[in-house]
Each structure stands twice: as C-alpha cells, then as structure tokens.
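Chains as they are written, first to last, in the numbering used here: chain G, 1 to 95; chain D, 96 to 295; chain S, 296 to 838.
Careful, some of the hints might be misleading.
[Said to hold, decoys possible] Example chain G residues on the side facing chain D (calculated, C-beta under 7 Å, incomplete):
1. Val10
2. Tyr12
3. Trp19
4. Leu22
5. Thr29
6. Ala45
7. Ala49
8. Lys52
9. Val56
10. Phe60
11. Thr77
12. Thr88
13. Val92
[Unchecked claim] With beta-carbon atoms standing in for the labels, derived distance ranges:
14. Glu265/D to Gly436/S: 49 to 57 Å
15. Ala676/S to Leu244/D: 44 to 52 Å
16. Ile28/G to Phe151/D: 17 to 25 Å
17. Phe69/G to Trp585/S: 16 to 24 Å
18. Arg494/S to His263/D: 34 to 42 Å
19. Trp493/S to Thr14/G: 31 to 39 Å
20. Lys102/D to Glu821/S: 19 to 27 Å
FYI, nobody ran anything at the bench for these hints, they're computed from the structure. Each residue gets a CB set at the ideal place from its N, CA and C atoms; glycine is no exception.
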Amino acid sequence: MSTEETHKIVPYRTFITVWIGLLALTVITVLASWIDLGALNVWLALAIASVKCSLVIAWFMHLKYENRFLKLIFLITLITLAVFIGLTFVDVLYR
Amino acid sequence: MSTPEPKDAFGAKFGMWLFLFTELILFSGLFILYAVYLAKYPKEFASAGQQLSVPFGAVNTLVLLTSSLFVAMATTSIQRGQKKLTEWLLAGTAFSAVIFMVNKYFEWSAKFHHGIYPDAPGLKELPQGEQIFYGLYFATTGLHGLHVLIGLALFLYVWGTVRSEKVHAEDYGLLENSGLYWHLVDLIWIFIFPLYYLVL
Amino acid sequence: MSQPASASTDSSRGYLASSGKGPALFEWIFSTDHKRIGLLYLWCITTFFLMGVVLGLLIRLELIAPGPTIMNAQTYNAVFTLHGVIMIFLFIVPGIPAIFGNLFMPIQIGANDVAFPRLNLLSWWCYIIGALTAVTALFSGGGPPDTGWTFYVPFSTMTQSNVSMATVAVFILGFSSILTGINFVVTVHRLRTKGMTWRRLPLFVWALYATAWIQVLATPILGITVLLVFLERFVGVGLFDAAKGGDPVMYQHLFWIYSHPAVYIMILPGMGVISEVLPVFARKRVFGYWAIAMSGLAIAGAGSLVWGHHMFASGMSDMAVLVFSFLTFIVAIPSAIKVFNWVATLYKGSITLAPPMLFSLAFIILFSIGGLQGLLLGAAATDIHVHDTYFVVSHFHFVMFGGTGFGFFAALHYWFPKMFGRMYNATAATTAWVFMVSGFLVLYLSMAVVGLQGMPRRYYDYLPEFTNLNVSATVGSWILGAGLALMFANLLVGLFRGGPAPANPWKAATLEWTLSSPLPAENFEEEVEVTEGPYEFHEVKPS
Numbered sequence: 001m002s003t004e005e006t007h008k009i010v011p012y013r014t015f016i017t018v019w020i021g022l023l024a025l026t027v028i029t030v031l032a033s034w035i036d037l038g039a040l041n042v043w044l045a046l047a048i049a050s051v052k053c054s055l056v057i058a059w060f061m062h063l064k065y066e067n068r069f070l071k072l073i074f075l076i077t078l079i080t081l082a083v084f085i086g087l088t089f090v091d092v093l094y095r
Numbered sequence: 096m097s098t099p100e101p102k103d104a105f106g107a108k109f110g111m112w113l114f115l116f117t118e119l120i121l122f123s124g125l126f127i128l129y130a131v132y133l134a135k136y137p138k139e140f141a142s143a144g145q146q147l148s149v150p151f152g153a154v155n156t157l158v159l160l161t162s163s164l165f166v167a168m169a170t171t172s173i174q175r176g177q178k179k180l181t182e183w184l185l186a187g188t189a190f191s192a193v194i195f196m197v198n199k200y201f202e203w204s205a206k207f208h209h210g211i212y213p214d215a216p217g218l219k220e221l222p223q224g225e226q227i228f229y230g231l232y233f234a235t236t237g238l239h240g241l242h243v244l245i246g247l248a249l250f251l252y253v254w255g256t257v258r259s260e261k262v263h264a265e266d267y268g269l270l271e272n273s274g275l276y277w278h279l280v281d282l283i284w285i286f287i288f289p290l291y292y293l294v295l
Numbered sequence: 296m297s298q299p300a301s302a303s304t305d306s307s308r309g310y311l312a313s314s315g316k317g318p319a320l321f322e323w324i325f326s327t328d329h330k331r332i333g334l335l336y337l338w339c340i341t342t343f344f345l346m347g348v349v350l351g352l353l354i355r356l357e358l359i360a361p362g363p364t365i366m367n368a369q370t371y372n373a374v375f376t377l378h379g380v381i382m383i384f385l386f387i388v389p390g391i392p393a394i395f396g397n398l399f400m401p402i403q404i405g406a407n408d409v410a411f412p413r414l415n416l417l418s419w420w421c422y423i424i425g426a427l428t429a430v431t432a433l434f435s436g437g438g439p440p441d442t443g444w445t446f447y448v449p450f451s452t453m454t455q456s457n458v459s460m461a462t463v464a465v466f467i468l469g470f471s472s473i474l475t476g477i478n479f480v481v482t483v484h485r486l487r488t489k490g491m492t493w494r495r496l497p498l499f500v501w502a503l504y505a506t507a508w509i510q511v512l513a514t515p516i517l518g519i520t521v522l523l524v525f526l527e528r529f530v531g532v533g534l535f536d537a538a539k540g541g542d543p544v545m546y547q548h549l550f551w552i553y554s555h556p557a558v559y560i561m562i563l564p565g566m567g568v569i570s571e572v573l574p575v576f577a578r579k580r581v582f583g584y585w586a587i588a589m590s591g592l593a594i595a596g597a598g599s600l601v602w603g604h605h606m607f608a609s610g611m612s613d614m615a616v617l618v619f620s621f622l623t624f625i626v627a628i629p630s631a632i633k634v635f636n637w638v639a640t641l642y643k644g645s646i647t648l649a650p651p652m653l654f655s656l657a658f659i660i661l662f663s664i665g666g667l668q669g670l671l672l673g674a675a676a677t678d679i680h681v682h683d684t685y686f687v688v689s690h691f692h693f694v695m696f697g698g699t700g701f702g703f704f705a706a707l708h709y710w711f712p713k714m715f716g717r718m719y720n721a722t723a724a725t726t727a728w729v730f731m732v733s734g735f736l737v738l739y740l741s742m743a744v745v746g747l748q749g750m751p752r753r754y755y756d757y758l759p760e761f762t763n764l765n766v767s768a769t770v771g772s773w774i775l776g777a778g779l780a781l782m783f784a785n786l787l788v789g790l791f792r793g794g795p796a797p798a799n800p801w802k803a804a805t806l807e808w809t810l811s812s813p814l815p816a817e818n819f820e821e822e823v824e825v826t827e828g829p830y831e832f833h834e835v836k837p838s
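Next up, chain G with everything else stripped away, as it sits in the complex (with noise of 0.2 Å):
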C-alpha cells in the first residue's frame, strides 16, 4: 500500500477561500428556496449541500492531498450508503 503521508501544509490563503466560497453557497441555497421549483427545490437543495460538502471533505478534511487508499474507502462508503437508500426506495416507492 502506498501510504506515505503528505505533510503538505495547506496555506491560510486556500481555507479562506474554500470559506468564501461555502459562505456563497449558503446564501445561493437559501436564495433558492424562495423560487418555487416544485420538487426540484429539494433536489437543487441537496445537490449544493452535495457541493459544499465535497469543499469541505477536498480541502478542510484534506482528502485531497490523501492517497489513493483513503479516498477509495471513502467512496465505499457513499456507494454503501447509496445502497442502502436506493434498496429502501425499491420498497417505498412501489408500495
């Protein structure tokens, strides 16, 4: 396995920006909650939350500069979670 750590130091500057950016999108989501999109707003919702989640996991939790290993897990780990959402709809959705 190659797991040698990166000690790369992250400058200020780079948070400050990813900080920047996950405060727009805040005020874009809520800016888009008051135009009626039906059900799309969830979904517009969830795919910024996706976005700013995917800001913090790249640069505040460093899983950009891992190694290959740690993001392969971490992406076994959505796909579990997607399974266990989708199976549970194959149920609900065709009650």
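For chain G, the structure is supplied; the task is to place chains D and S on it using the hints.
Then chains D and S, alone, in the frame of chain G:
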C-alpha cells in the same frame, strides 16, 4: 509492550476516517427516514418546514462553517509552529460550538414555547406528516447537538494539549483527527440546514 | 517462517504469568495486551454462551408438551428474548473476532499488538458494560424484555417490560463491535510484518478483515435504530408510530440493514477458522486461496444488499420482494465457492481426524444444510409458506450454531494448546463431538420438519399434532447439551491437569505456531520476515 512502537500517524488518521464513516452511517439512518417520509408527505413537510426559523438555521450554518475554517487553519498553524495562533483558533472553535448551542437552545425553547415538542398534546392535532417532520427535526438536530457538545469538550482538551505542548509541530495527530471530527459535524449540518429549514 | 521458540519463556507461563505487581485482577482488566484482552473475552463470552445454552434448554423443556409445562407464557417470552439477545449480541457477534481475532490475528501477521491497544481495551470495557446493562435489564424496570431479540415496533415501544435498558445495552455492545472493527482494519493494513504480503495473509485474517469492514459500515445503523426505539419510549418522537404518521415497516428496514449484514459478521470469522484448520489437518496447501479470500469480501459486499428477505411478509412492496429475493440468491454464490474450495482442499489430502478437524467437518456439513434451507427461504414464494415457522428457527440454528458455533469450537480446540500451553484429552473431545453433532441433527431437523408442517415460531403453546416432533427436538437438545457439557468439562480438565503442549502440535505453518506454548509475553523479540505462504507444509510435496 516493552518496546514502544513509533507513532503511526497515518494509521491513526485512517482509524479516524473509519470512525467518521460510522458517524456518517449513524446519521444516514435518520436521513433515510427523512427521505422516505418526505416522499410520503411532501406538502406537510413544506408547511412544517416553514415554521422553522431560517435566520436561526442560517446563523448556525455560518457559525459552523467559520469554526470549520478555524480548525482547518489550526492544522496549518500547528505545522508552522505558530503555537499562539493555534491556541486562538482552537479557542475560537470551542467558542463557536458554544454559540451554536446557545442558538439551538433559544430555537428549541421557542418551539417548546409554542407547544411543539415530541409527544406534545398540541402536536397531535397537526397533520401526521407535520408530526413526523417535527419528530425527525428533534431527533436529528438533537443527535447533532450532542455531537457539537462532544466536539466542544474535545476542543477544550485539544486546546489544553497545545498549551502544554503535548501537541506540537512534529506530533499534531490529535489536533488533525479532532479537526476531522469537527468537519464531519459541519458536514451533517450542511445537509440538515436545507433539508429542514429550507424545504420547498 | 522459521523462528525458534521465543526465549522469553523462563517462566513457562508466557503471557499468562503475573508480574506480581498490584492486584492480579487489575493486570488483566486494565491490560492493553491483545492476548490478555482476547482471553478476557474468552471467559466472558463463554460464560454468556453457557447462560444462553441453559435458556435454550429451558425453552425446549417448556415445549416438550403442549400447554404450560415448566413456566408461564410471560416468562417464556422473556426467556426466548434473552436466549436470542445473549446468543446474538453477547456470543456470536463478538465471539470469534474478539477472542481468537484478538489473540491470534496480530501474531499471524507478525505484529506485536493491534494498531490501537488502548482502544482495544475500551472495546472490552464496552462489551462488559453492555453485557452488564443487558443483565440489569432483566431485574429492573418492568421486568425482562419480551420482544424477541429483534425489538420490532410497535410492540417494543409499547410493552411494559424493560426494553429501554436492553436497547441501551445493544447500543453499547454495538460500540464495542465498531471499535474492534476499526482496530482490525487498521491493524491489517498497517502492521503486517516484512514479507507478509496480501497474498500471504492467512485466510483467518482475510475473514476477520472482511468482517471488520461490515462491523464498521453496518453497525451504526443498528445504533441509530435502537436509539430511536429508546427515544420513542421516552419522549415519543413517533418516527415508527403509525398514529403519528410513522411507518413501522421502516423500523424493520433499518433493523435489517444492520442485522442482515450482521449474520455475515457472525459467520465470516467461523469460515476463516475453517479455512485455517482444514489445510493443516489435510496436510495440503489450501485449494483456491484467492477464491476463498475474495469470496469473503464478496459476501461482505453482497450481504449488504439482501436485508429485505427478512421482510417478505411485512407488507413491503412486491417490487421490493422481487428485487430482494433475486439479490438473495447472489449471496449464495460466494458461500458456495468457499464450500467447494474447502472440499477440494480435502481431496487427496492426508487427513487426520483430530478434534479441530472434526468440528470443522461438522461445520461444512451443517452450514451447507443451513445454506440450502436459506435458499428455500430466499425464494419469496416458499418463504410466504414457511415464514415465521420453526423452519426459520431451524435454518438459522444450522447456519449460526452449526456454522459459527462449531467454528468457534474448532477454533477453541485448534488454538487451545497455544493459548494455555496444555493439551486436552482428544478422545473425550471426539466423544463430545459425536454427541453434539447427533443431538444437533435430532434437534434442528425436527424443528425443520415441524416448521414445514406449519408450527409457528416463538409460540408458547402448540397443536397436539406437533407433539411428537417437539418431543424429539427436546430429546435432541438433551443429547446436544450433554455433548456441550462433556466438551467444556474436558477443556477445563485440560486447562488444569492437561499435559504440556509442544509449540506446534498440529505442525501448522502460520506464525503463531513458531512461538512457544503458551504464547510469550512479548510476541516477537525481533521483526520476523515472512518468505512464503501460510499453508506451505514441507513434509508433503505440493500437488
């Protein structure tokens, strides 16, 4: 153990990530329920969601995002050996957690004041979908609040270790892993905010 | 892989020896040594197993005749609930990983301990606190829980019995399981010694690795589920309460999202033990090393897709029944791959029928019967017929007891000399095995037949026409119980009076057998280097 093993920083981080996965999945149980009940009661969720205070939610979002920034910056400052700055950033994080909880306290008390709390007599008059919405709201934000409290205790501890230089530029795993935990608490909130405060 | 027996055995008691400082008990319950923690688990888990056995025997005794026999209906409900809770959460789930995984997994990969020794001790404490909470639940509140181990709503949220405390216990035990899982995943990744590549990993370690992943990814769902039951009982959040718009079927979904993968948490380590024992006693390299290792991971993955097959009769959508039924058949494939490879390992082997081998062979047969029963249950149409009958009870005892239970006994007999440095009596162990297997078959085959005839599970009373098979099941339970008693008595005698065990009585090739018996206090004096696979037995030519 007679020979102390060298510290395995990556191993500790790896373990922390695994723990975060378990946290993620713990909360996902509530999100699954949310998704199922949203599909069942979209209208009721919308009308109940409008009763939640967007300002409270938005302010708490800002507080958590900012505290996340502090922690992220703290991992940089400790590596650069800026001890004083690290202490301030960690104190800022803990302080943010306090603000978050104070906010939450006022938000919940306002709800209680309006007779909205689990199993409240008034709640049973509402449509079923709204009852479920509030049930989920209290369960999810309650569990999240508990995590914020744990985070608060954790950061007070980390702050102490930085002060006493147990955590320093060469060995900052504790700070880094506590930071990961705190970011997760933030992540959960990033989903809670739009799903509960902004639905439709 | 040839390291002389460690020199640290001046006192021949190895890691069992007391340092003489402070109370002896504290040296154990506050020890972060993986071997001591493993042994702590051994004593606790075996104790709970015996409690579970006694409760099981009581259930069978009650059912020997229709109508009240030795207890009233409420007691009966409490007894089968306890039997389930103890056997599942206190014995099968932690059993093999916590005991044998802790004792031998680090050694098998050439490490001196697990990755997080203090966390490991915390896991044990969580186990003990959880177990004590479960026991306290019996004697406090509204009396022992009577819901069955599944805690199904709405009954679990309404019953007066002490379900709240039982759910807290399950939550804490889940925590213990998660921590062990995290520890094992990191240990396998980070602490393999020089030359211990993934293709030289003993299959027991592979099995524990797959198990640990399920523990990490599935257990939290159980945590949130029991937490919600708890919240429901205390503050009435109403998430599963139909009167408040909740959906009780969602409880079943969440419960089985964990609890189906959990059956693989239970069975995979057992399969790992078998994969370890068979080549040693067939004196042959294991057949299909990669197939066995990877099918473990495949089971872990596919096992997360099939939870709905517990819910065919719950009012779930027909589409879901179809999908889950289909997926259920997929999970049979990796299990069958394992069975075929085990049998192929035996083929043309030079087989010794020592006790560990006998238990392993029983595992293969009993587990296969149980697995085939599982296919009947996985097919939605037949499941509707036998759902909630004794056929299901028979099925999960075949896979869980016949599988994991016998895997546990195989492990116990295989590693006993290494754990305690003493030998047990092989003849007595074999006799016990004969009793256990025959009692097992009489007991659970009777259950299968009476289930097919339509006797529902969990009932206190039954129709007179089911009497004969119930009597034979109860008699089977006595034979099985006698076998168990003999087995444990024999091990206890071996523990105190047995002759000294050599370092490698079975001539196995994994690393723990290169150390002295009992294990030395410090695993490896210096880093070992591994140069070949775990099943290279040099006295036979590789086929």
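Status of each hint after checking the structure:
Annotation: interface hint on valine 10/G holds; nearest CB of chain D at approximately 6 Å, less than 7 Å. Taking 7 Å as the C-beta contact cut-off toward chain D, the hint placing tyrosine 12/G at the interface holds, the least distance being around 6 Å. A distance limit of 7 Å between C-beta atoms decides the matter here; for tryptophan 19/G the minimum to chain D is near 4 Å, and the interface restraint holds. Interface restraint check for leucine 22/G: the shortest CB-CB distance to chain D comes to about 5 Å, inside 7 Å, so the restraint holds.
The beta carbon of threonine 29/G is positioned within 7 Å of a beta carbon in chain D (closest approach about 5 Å), and the interface hint is therefore held. Interface restraint check for alanine 45/G: the shortest CB-CB distance to chain D comes to about 4 Å, inside 7 Å, so the restraint holds. A hinted interface residue such as alanine 49/G counts as satisfied when its beta carbon comes closer than 7 Å to some beta carbon of chain D; here the least separation is about 5 Å, so the hint holds. At about 5 Å, the closest approach between the beta carbon of lysine 52/G and any beta carbon in chain D falls short of 7 Å, and the interface hint on this residue holds.
The interface hint given for valine 56/G is met, as the beta carbon of that residue sits about 6 Å from the closest beta carbon of chain D, less than 7 Å. About 4 Å separates the beta-carbon of phenylalanine 60/G from the nearest beta-carbon of chain D, less than 7 Å, and the hint is met. Restraint check, threonine 77/G versus chain D: the minimum CB separation of about 4 Å is within 7 Å; hint holds. The criterion of a C-beta within 7 Å of any C-beta in chain D is met by threonine 88/G, whose closest approach is roughly 6 Å, and the hint holds.
For valine 92/G, the interface hint holds, since its Cβ comes within 7 Å of a Cβ in chain D; the closest pair sits about 5 Å apart. For glutamate 265/D paired with glycine 436/S, a C-beta distance near 52 Å keeps the hint of 49 to 57 Å intact. Checked against the given bound of 44 to 52 Å, the beta carbons of alanine 676/S and leucine 244/D, roughly 51 Å apart, stay inside it. Between isoleucine 28/G and phenylalanine 151/D the C-beta distance comes to about 19 Å, which sits within the given range of 17 to 25 Å.
Our hint of 16 to 24 Å for phenylalanine 69/G and tryptophan 585/S holds, since their Cβ atoms are close to 20 Å apart. Separated by about 40 Å at the C-beta atoms, arginine 494/S and histidine 263/D satisfy the suggested range of 34 to 42 Å. Between tryptophan 493/S and threonine 14/G the beta carbons are some 36 Å apart, a value that agrees with the proposed interval 31 to 39 Å. A C-beta distance of roughly 20 Å is found between lysine 102/D and glutamate 821/S, which places it inside the suggested range of 19 to 27 Å.
In summary, the structure agrees with every hint in the numbered list given earlier.
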